[in-house]
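Undergrad: Residue-level listing of the chains:
Protein chains: 2
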Amino acid sequence: MRIGPSQEEVRRQNLGALLRYVHIHGPTSRAELTSELGLNRSTIGALTADLAGAGLVTEAAPRETGRAGRPSLVVRPESSRVYAYAFSIEVDQIRAARVGLGGQVLDLRVDERPHGLAATDAVPLLAEFVKELHHSVPDDALYVGSGVSVCRMMRRDDGLPRLTFTTEQIAAPLSAALATELGVERPVVAGNAGDVAALAEHARGTAVGCDNVIYLHRDAGVDAGIIVGGRRLSGHAGQGGQVGHMVVQPNGRPCSCGSRGCWETEIGEYALLKAAGRDPSTRTAGMLTVVDAASRGDASAQAAVRQVGDWLGFGVANLVNVFNPEMVIFGGTLRELYLAAAAQVRSRLNSMALPAARERVRLRTPQLGEDAALIGAAELAFEQLLADPLST
Amino acid sequence: MRIGPSQEEVRRQNLGALLRYVHIHGPTSRAELTSELGLNRSTIGALTADLAGAGLVTEAAPRETGRAGRPSLVVRPESSRVYAYAFSIEVDQIRAARVGLGGQVLDLRVDERPHGLAATDAVPLLAEFVKELHHSVPDDALYVGSGVSVCRMMRRDDGLPRLTFTTEQIAAPLSAALATELGVERPVVAGNAGDVAALAEHARGTAVGCDNVIYLHRDAGVDAGIIVGGRRLSGHAGQGGQVGHMVVQPNGRPCSCGSRGCWETEIGEYALLKAAGRDPSTRTAGMLTVVDAASRGDASAQAAVRQVGDWLGFGVANLVNVFNPEMVIFGGTLRELYLAAAAQVRSRLNSMALPAARERVRLRTPQLGEDAALIGAAELAFEQLLADPLST
Chain C
22 MRIGPSQEEV RRQNLGALLR YVHIHGPTSR AELTSELGLN RSTIGALTAD
72 LAGAGLVTEA APRETGRAGR PSLVVRPESS RVYAYAFSIE VDQIRAARVG
122 LGGQVLDLRV DERPHGLAAT DAVPLLAEFV KELHHSVPDD ALYVGSGVSV
172 CRMMRRDDGL PRLTFTTEQI AAPLSAALAT ELGVERPVVA GNAGDVAALA
222 EHARGTAVGC DNVIYLHRDA GVDAGIIVGG RRLSGHAGQG GQVGHMVVQP
272 NGRPCSCGSR GCWETEIGEY ALLKAAGRDP STRTAGMLTV VDAASRGDAS
322 AQAAVRQVGD WLGFGVANLV NVFNPEMVIF GGTLRELYLA AAAQVRSRLN
372 SMALPAARER VRLRTPQLGE DAALIGAAEL AFEQLLADPL ST
Chain B
22 MRIGPSQEEV RRQNLGALLR YVHIHGPTSR AELTSELGLN RSTIGALTAD
72 LAGAGLVTEA APRETGRAGR PSLVVRPESS RVYAYAFSIE VDQIRAARVG
122 LGGQVLDLRV DERPHGLAAT DAVPLLAEFV KELHHSVPDD ALYVGSGVSV
172 CRMMRRDDGL PRLTFTTEQI AAPLSAALAT ELGVERPVVA GNAGDVAALA
222 EHARGTAVGC DNVIYLHRDA GVDAGIIVGG RRLSGHAGQG GQVGHMVVQP
272 NGRPCSCGSR GCWETEIGEY ALLKAAGRDP STRTAGMLTV VDAASRGDAS
322 AQAAVRQVGD WLGFGVANLV NVFNPEMVIF GGTLRELYLA AAAQVRSRLN
372 SMALPAARER VRLRTPQLGE DAALIGAAEL AFEQLLADPL ST
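As you go down the protein sequences, you meet chains C and B in turn. Numbered per this note's numbering, the first sequence finishes at 413, counting up by one with no gaps. Numbered per this note's numbering, the second sequence finishes at 413, counting up by one with no gaps.
There's no promise every hint is true.
[What the hints assert, rightly or not] Stretch by stretch, here's where chain B covers chain C in the computed footprint (C-beta under 8 Å, at least three residues): (1) 266-275; (2) 371-378.
[Stated by the list, open to error] Interface residues of chain C toward chain B, partial, derived using beta-carbon atoms under 10 Å: (3) Val-165; (4) Cys-231; (5) Asp-232; (6) Asn-339; (7) Leu-340; (8) Phe-344.
[Claimed, not checked] Derived contacts from chain B toward chain C, CB cut-off under 8 Å, selection only: (9) Phe-186; (10) Thr-187; (11) Gln-263; (12) His-266; (13) Glu-347.
No lab work stands behind these hints, which were simulated from the structure alone. Note that the structure is predicted; figures quoted are calculated from it, not measured. Note that beta-carbon positions come from the ideal geometry of N, C-alpha and C, so glycine has one too.
Please model the entire structure based on the sequences and the hints provided.
TA: The structure is reproduced here in structure tokens:
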């Protein structure tokens with residue numbers, strides 16, 4: 022039941038709206054804030070003063086504009102002072118970054134993820150990264166919290182990936198480890214890799230302004246970050262978006278989940294390498310070799326790309342019928358497969374998706390590259406600050 | 022960009038929250054409203070006075086409680102005075118009702134929908150219904166607007182259903198026809214049959230309190246009303262939820278949409294009747310005969326129900342992996358198929374959906390029965406009133 026907010030809540034919402042604006046759009050003049058936020062000049066002035074007093078923004082005269090009249094002051098996020106830690110636990114690597122307000126990656130550490138290492142066991146390694154990163158943090162800097170992107174797959178000792186569900190089990194131990202390391206307790210928010218990448222592309226990448234987005238993310242499996250009406254689809258128990266386990270081929274290849282013909286097995290590296298007559302144990306590197314060979318005219322590689330690309334389009338068409346999205350983004354190693362097989366994907370979309378559902382959908386690759394997971398994880402952390410800027 | 026509301030907006034939100042509460046929950050004491058809405062007693066008193074002044078609620082002493090002390094006044098929605106018109110354009114019939122605030126069907130008209138009649142051509146027939154219904158409306162009654170549930174299928178002259186997309190094209194001509202008939206202009210909101218039924222079950226049926234719901238609706242095709250995080254999934258162009266056209270069987274039966282192996286063809290009446298060795302032109306009546314025969318032990322009918330029920334479970338499992346819903350509801354003629362084949366559906370769910378995605382999902386049939394479309398359509402109309410109670 023939705024109840025109207027108090028005066029204090031109104032002020033908090035306005036502070037959050039202003040801080041979010043400069044966090045997303047960068048330095049902004051007071052004049053632009055006035056028109057974009059629909060608040061009057063004196064309110065913008067008062068809100069800016071509050072945020073500056075808390076050390077979250079600075080105000081300064083703009084560079085020479087060449088125009089007559091007193092120029093509007095420019096409000097900047099304190100990107101070098103206000104920061105979050107962002108983590109990414111992937112199938113084959115773990116990463117940690119210090120990310121400033123405004124989304125700038127200030128510092129970064131990357132390492133391999135050992136085979137057989139459960140996501141929860143990565144926590145001490147991430148804490149070690151933070152210890153290193155923390156050496157270069159200025160004394161007056163403000164730590165606001167952390168976000169972590171967790172892949173739902175782990176690599177077993179035999180090299181094969183396995184499905185695990187640890188997203189929710191990461192936040193509490195990581196929060197405790199960071200509190201010990203940093204001497205201050207701040208929230209840690211965990212999200213699935215697909216969700217987090219979708220958040221990043223929605224905030225700062227190719228999906229800015231799109232309210233209905235499907236971000237397909239392939240690491241070892243295929244996950245989706247789905248945005249419906251501007252909000253993340255998380256599902257009843259945080260397990261939504263497992264599009265890789267939609268069955269597209271009844272009685273198809275066995276999948277690690279125990280089912281058969283799951284979408285992620287039909288568009289996977291193994292399927293592509295088998296179709297191209299190559300060694301399926303070469304995995305991602307082998308997949309890229311096939312895509313490369315296809316681009317240089319190798320007939321068997323081209324046939325394999327067409328076959329797997331057809332299955333890629335098959336699943337996309339089903340999702341388009343269900344969601345009627347504005348944009349589908351091909352992330353992780355799906356980027357290369359999509360670029361090589363865009364014609365097959367489009368063809369399946371045209372033959373399988375209803376015209377009304379597909380006619381305005383745009384197919385895209387990510388704009389943010391490898392940093393998307395860290396940028397998205399930082400967004401999870403900043404969400405707390407933006408909801409109530411003066412509480413931190 | 023979300024900005025804090027003004028004092029006037031706060032009052033509007035509170036008025037809407039109070040009116041929504043009695044609209045959904047029925048007569049409620051001031052004491053309960055105070056605790057449920059988190060507002061103090063004097064605010065509840067003032068809001069109630071405003072709503073009573075506008076003729077939307079009444080206040081009265083409750084029946085004898087047997088307890089000591091002054092009893093809390095009870096606030097009731099003015100169900101017989103404040104009403105909406107609700108319409109449902111289905112494949113084989115059209116319906117119109119006058120629905121009172123609080124969701125009571127006060128009066129009702131039903132007729133067959135002639136074959137070949139486009140949904141837009143049903144508008145004059147609905148206006149004729151309204152003319153009849155309007156005779157019995159008290160002089161002081163308040164008409165707040167209309168809602169219409171539109172099935173995306175029409176029956177052709179040859180008796181076969183065909184996919185059309187007219188939802189958005191209904192609201193404007195219906196609004197104009199009603200303005201002529203009633204002499205007053207009020208908004209008309211149109212929704213897909215699945216969406217509208219989902220809204221009804223979410224507000225007043227089996228899905229009350231569930232924020233992640235998939236309502237599967239079969240009329241001639243299969244549509245879904247999907248609720249994600251408490252809000253309807255509509256998609257970028259209002260075309261979301263076309264789950265009937267997910268392809269589940271590559272190279273399966275041809276579908277009227279031009280594709281093959283769509284879910285709705287594999288779980289359709291035609292598929293069931295063919296599998297049972299019966300005349301497929303008997304459609305819904307024939308389907309019910311097969312379900313009935315299966316329940317009485319007919320082996321070929323049982324085999325057909327198992328086969329089609331298996332495909333029903335197949336699609337449900339895929340949707341559960343994608344959405345991680347709390348509840349799946351089997352509406353329209355899927356109700357009978359689900360009840361006959363619940364074991365197959367559950368078996369597919371267990372073998373194909375990931376444990377984490379499926380473990381808390383509840384499978385249900387609708388609670389509201391045939392009236393769901395009209396009750397949901399009325400909810401579409403009342404949404405306007407509840408958003409700003411004193412503007413009407």
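Undergrad: Now look at each hint and say whether the structure bears it out.
TA: Taking the hints in turn, this is what the structure says about them:
no.: 1; hint: 266-275; verdict: holds (count 6)
no.: 2; hint: 371-378; verdict: holds (count 6)
no.: 3; hint: Val-165; verdict: violated, 20 Å
no.: 4; hint: Cys-231; verdict: holds, 8 Å
no.: 5; hint: Asp-232; verdict: holds, 7 Å
no.: 6; hint: Asn-339; verdict: holds, 4 Å
no.: 7; hint: Leu-340; verdict: holds, 8 Å
no.: 8; hint: Phe-344; verdict: holds, 6 Å
no.: 9; hint: Phe-186; verdict: holds, 5 Å
no.: 10; hint: Thr-187; verdict: violated, 11 Å
no.: 11; hint: Gln-263; verdict: holds, 4 Å
no.: 12; hint: His-266; verdict: holds, 5 Å
no.: 13; hint: Glu-347; verdict: holds, 4 Å
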